[in-house]
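For the sequence shown, the numbering used here begins at 1 and goes up steadily by one.
Incorrect hints may appear among the rest.
Said to hold, decoys possible - Derived pair list, reagent style DMTMM-like, types lysine to aspartate or glutamate, alpha-carbon separation capped at 20 Å:
#1 375 x 407
#2 375 x 421
#3 375 x 331
#4 375 x 415
#5 375 x 338
#6 375 x 422
#7 375 x 150
#8 375 x 131
Unchecked claim - Distance windows between CB atoms, simulated:
#9 95 x 415: 41 to 51 Å
#10 384 x 419: 30 to 40 Å
#11 307 x 179: 40 to 50 Å
#12 335 x 377: 15 to 25 Å
#13 103 x 181: 54 to 64 Å
#14 233 x 152: 38 to 48 Å
Hints were generated in silico from the structure; no laboratory data involved. Cβ coordinates follow ideal geometry from the N, Cα and C atoms, glycine included.
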Amino acid sequence: MLPNFSRREFLRLGGGVAVTVGVTSCDRRGTGAADQSSSTTGSTQVSTSGSTSASTVPSTAPTGGGGLAFGGRRLVVVQLNGGNDLLNTLPPTDGRYHDLRPNLALADGDIVSLAGVGDAGLHSSLAPLIDSWDAGRLAFIRGIGFDEPDRSHFISMDRWWRNDQLTQPGWLGRVVDGLADEPSPLFGTALGAGAPVLSGATTQPTVIGGSDSFKWVGVDPTWIKDLGSGGNDDLAALARHAFQRTVQAVDDFAEITGGASTSDELPTREGGATIADGLEVAALLLAADAGAQLVVVSAGGFDTHANQLPVHSNLLADVAAGIVAFLAAIENAGLSDDVMLVVTSEFGRRAAENGSGGCDHGAGGLSLAMGSGVKGGMYGEVDLSDLLDGDVRPTIAPQALFTDCLDWLRVDAEEVLGSRDDSLGLLRS
1 MLPNFSRREF LRLGGGVAVT VGVTSCDRRG TGAADQSSST TGSTQVSTSG
51 STSASTVPST APTGGGGLAF GGRRLVVVQL NGGNDLLNTL PPTDGRYHDL
101 RPNLALADGD IVSLAGVGDA GLHSSLAPLI DSWDAGRLAF IRGIGFDEPD
151 RSHFISMDRW WRNDQLTQPG WLGRVVDGLA DEPSPLFGTA LGAGAPVLSG
201 ATTQPTVIGG SDSFKWVGVD PTWIKDLGSG GNDDLAALAR HAFQRTVQAV
251 DDFAEITGGA STSDELPTRE GGATIADGLE VAALLLAADA GAQLVVVSAG
301 GFDTHANQLP VHSNLLADVA AGIVAFLAAI ENAGLSDDVM LVVTSEFGRR
351 AAENGSGGCD HGAGGLSLAM GSGVKGGMYG EVDLSDLLDG DVRPTIAPQA
401 LFTDCLDWLR VDAEEVLGSR DDSLGLLRS
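Turn these sequences into a full structure, and let the hints steer you where they fit.
The structure is reproduced here in structure tokens:
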């Protein structure tokens with residue numbers, strides 16, 4: 001039974017929750033029910049970005065991309081879910097590295113050098129990124145993490161995406177909450193999985209979870225759209241507006257990816273499988289006139305407790321291929337000066353190998369930042385003589401990275417985060 005809310009209370013709450021529509025449940029050939037929760041982590045849901053209060057419900061469906069926020073700048077965040085291994089991504093030259101990992105340390109043939117760096121090399125699977133390094137457009141941020149780390153995936157991810165303020169919305173969601181005008185449905189988009197970092201108090205991202213989850217399946221879209229009409233009171237208008245934004249998001253996405261929204265196969269994959277897939281679609285979204293400016297791409301597999309050497313090599317090759325293709329695509333679109341790309345993971349791995357050919361959850365991790373506005377270089381350090389309970393000691397707070405990202409977007413970082421952390425200084429002046 002539904003709680004006994006008054007209509008006023010329901011309308012007040014309605015402006016602050018995700019409106020989620022399971023598009024695949026509209027297939028009248030099947031009987032599966034869509035996920036109706038407000039979580040943004042499901043793979044079969046469509047949740048619409050933007051918020052609407054009962055007193056400001058637009059009377060018509062929202063239109064195209066409209067004017068761009070942030071002076072036209074865009075931010076793309078790549079999530080390496082599971083905990084990427086800092087030490088095998090940037091293997092130290094310190095002999096302790098081989099002592100701690102007699103079987104897991106990379107062989108010399110699997111390490112490439114970085115110009116100007118003497119204390120670490122680069123996993124050979126990331127060699128395609130060397131051009132960006134040499135151009136001064138790639139920053140590695142070593143030892144990023146919290147002073148009091150938690151080895152739980154879920155807690156660590158929550159701390160990352162909420163700036164360690166666990167009762168607050170995602171730090172990018174707060175940015176969207178603060179926009180003066182309602183953005184387009186694709187303004188904040190998550191590819192591959194949900195993105196709590198984009199979830200605000202009054203706004204939710206559009207989540208595109210998989211190849212079968214963001215299109216009309218086996219139905220006439222006109223029939224679907226007719227469901228969003230009718231009703232004249234405030235509650236009906238609120239629901240209608242949210243539904244219209246969902247319809248627009250699905251149709252815009254189909255147009256951007258070059259396929260009809262009713263087709264069984266989209267010609268472009270939607271990011272659920274690999275980072276390369278997700279970044280391919282991210283580039284299409286940014287280049288299209290649909291208002292996409294905050295995009296999060298997620299892929300798992302980085303929880304390498306066992307058989308790490310071949311698995312991690314393949315994962316990093318996917319990351320490198322995706323980034324190189326993404327950078328080429330945005331350059332072709334004339335957006336190189338407008339896009340910042342950030343790669344994160346919820347924590348690093350323990351300094352020592354385990355007995356299963358891998359390593360377990362650790363503390364200090366690795367982030368990357370790329371773009372023409374980034375001062376390339378090696379930030380932070382790894383000191384294998386000063387471990388924190390067997391982990392790489394965190395020396396850079398995630399908030400320092402968030403501060404630079406918000407500065408890139410020309411948003412007041414202190415207002416969004418509560419305070420600034422200027423210890424990194426990633427951006428060119």
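Item checked: Ascending list of hint numbers which this structure does not respect -> 4, 7
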